[in-house]
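Student: Fit chain B to the known structure of chain A by using the hints.
The primary structure of each chain is shown beneath.
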Amino acid sequence: MVGAVVVVTKWPCLLWPALLLSSSLAAAVLPDNRIDLMQHSYQGGGVSIDGPALMLRSKIGEQVSVSGFYYVDTVSGASIDVVATASAYSETRIESRLGVDYLTGNSILSLNYAQSDEDDYNAKSVSFGVAHDTFGGMTTLSLNAAIGDDEIGRNGDESFSEQLRRYSYSLGITQVLSTRWISALNADVDMEQGFLNNPYRSVRYRDPLSELGYGYQFEIYPNTRNSFALGLVNKFYLPYRAALTASLRHYQDSWDIRAFDAELEYVHPVAERWVLDGHVRWYQQGQASFYADLFEFADQQNFMARDKELSDFNNLSVGIGASYRFASWTWWPAAKPELNLEWDHIRFNYNNFRNVTVTNAEAGTEPLYRLTANVYRAFFSIYF
Amino acid sequence: MKMISKPCSATKLLATVVALLSLAGCASIEPWVKPYQRAELADPIMAFGRHPVALQHSAHVRDSREAAKGADGSGGGGCGCN
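Line by line, the protein sequences are chains A and B. Position 246 of the first sequence, counting from 1, maps to 246 under this note's numbering, and the rest follow consecutively. For any residue, its number in this note's numbering is found by taking its place in the second sequence, counting from 1, and adding 384.
Hints are not guaranteed to be accurate.
[Said to hold, decoys possible] To give an idea of the chain B side of the interface with chain A (calculated C-beta under 7 Å), a few residues:
no., residue
1, Gln421
2, Met430
3, Val437
4, Arg449
5, Ala452
[What the hints assert, rightly or not] Each pair of labels, with its calculated beta carbon distance range:
no., chain 1, residue 1, chain 2, residue 2, range
6, A, Asp119, B, Pro415, 51 to 61 Å
7, B, Trp416, A, Phe303, 47 to 57 Å
8, A, Asp149, B, Ile413, 27 to 37 Å
These are computed hints drawn from the structure, not numbers from a lab. Just so you know, even glycine gets a beta-carbon here, dropped at the ideal spot from N, CA and C.
Looking at chain A on its own, in the form it has when it is part of the complex (with noise of 0.2 Å):
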């Protein structure tokens, strides 16, 4: 599923062309060329949700350098949504995406068409980005702009099928302030249209008559989402070599979400082959307006929700990894091998979304939702 709105479970998969663009483009000096075999990991809520990974990132001569991703997610379990409404299932995302960055001046202009595919949702984006290098290489401005499309269907109903369009604007600016002081202030700007909500969930209402005092129906959804975002980055050389980086994220949409996040992230080499890493996180959001646990009857509300996603909630991540790097292979004496491992530990809190899988209480004070989530990553990077 495309774009980052992703107010469902089922399909924990978005495609990511802004960021992506964003990482791609270093003013004045094409990227590295690299490539990246991953195999990546989620287990949490009762889902599982695993997969590999391959990027590839090369120069063609000295203006234009190409990038290919490909990357898979196979989803097991059922989360607690499928427990309460649906029964558990399996499938298979897979997103790709192709790239080019072209080098003129002091400029690199960059193109990315992304794809996603899933038995019941298809995706299409397209993105343009330009990144200007200025003041004596001390400042980096960057505009992208990306467009897509969504098919989203419903299995076991054929005659279902609805239409989402996104558009997507950011500006950003990176700025050398020292010696070992870098920083980056990035906005985006976000708007969807068409359907946005999850065809497969419900949401619950009070029902007297019903055995456990609630009852459900499908969720209802508005048909447009504008959302804001901005973002600053600092990142500091320490006194030794090791690296800190503070990043800081307000955001707000039409929905009446409004969510904050700061994370702290330490990088520390080791001897001549090892960099260890370690970083935490904080997120909190509030809920959207439409959003309840329990509505007092059906049909409460034009628009209704119950997406966890949607709810008011907080999570905490702690992080760590490890990046080792080979000797050189004496048949490919410019390649720079590297095995990383990184593991991360996630707690969500919900504070308005209950456990309805615990049924000897009664509707609406049943104990809150948590979640704890591990997940993992293992890849192997080439550099050459």
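Tutor: Chain B only, in chain A's frame:
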């Protein structure tokens, strides 16, 4: 359905960016960090998105479970190092 709730935030942002752009283009201010002084900024441990493939997976995990999105990248290397 209202649009972005606080449009003044976008206006303030635009004003800030314009001010920064003006500053960047101001001939009276010279770049104070010369290229030969950027060895530490050019160290790979200082790179934005040191491991792109991992960064993208991490963003994917977050974006699938959080409402917020965007503005979490950088505009590029930006230090003119190399």
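Student: All the hints need checking, so say for each whether the structure fits it.
Tutor: Cross-check of the supplied hints:
1. Satisfaction of the interface hint for B/Gln421 is found here, the shortest Cβ-Cβ separation to chain A being roughly 5 Å, below the 7 Å cut-off.
2. Using the Cβ-Cβ criterion of 7 Å, the hint placing B/Met430 at the interface with chain A is satisfied: the shortest such distance is roughly 5 Å.
3. Hint status for B/Val437: holds, given a least beta-carbon distance of 4 Å to chain A, under 7 Å.
4. Annotation: interface hint on B/Arg449 holds; nearest CB of chain A at approximately 6 Å, less than 7 Å.
5. Annotation: B/Ala452 was flagged as interfacial toward chain A, and the flag holds, the nearest CB pair being 4 Å apart, inside 7 Å.
6. Restraint check, A/Asp119 to B/Pro415: a C-beta distance of roughly 54 Å satisfies the suggested window 51 to 61 Å.
7. A C-beta distance of roughly 52 Å is found between B/Trp416 and A/Phe303, which places it inside the suggested range of 47 to 57 Å.
8. A hinted range of 27 to 37 Å for the beta carbons of A/Asp149 and B/Ile413 is inconsistent with their spacing of about 44 Å.
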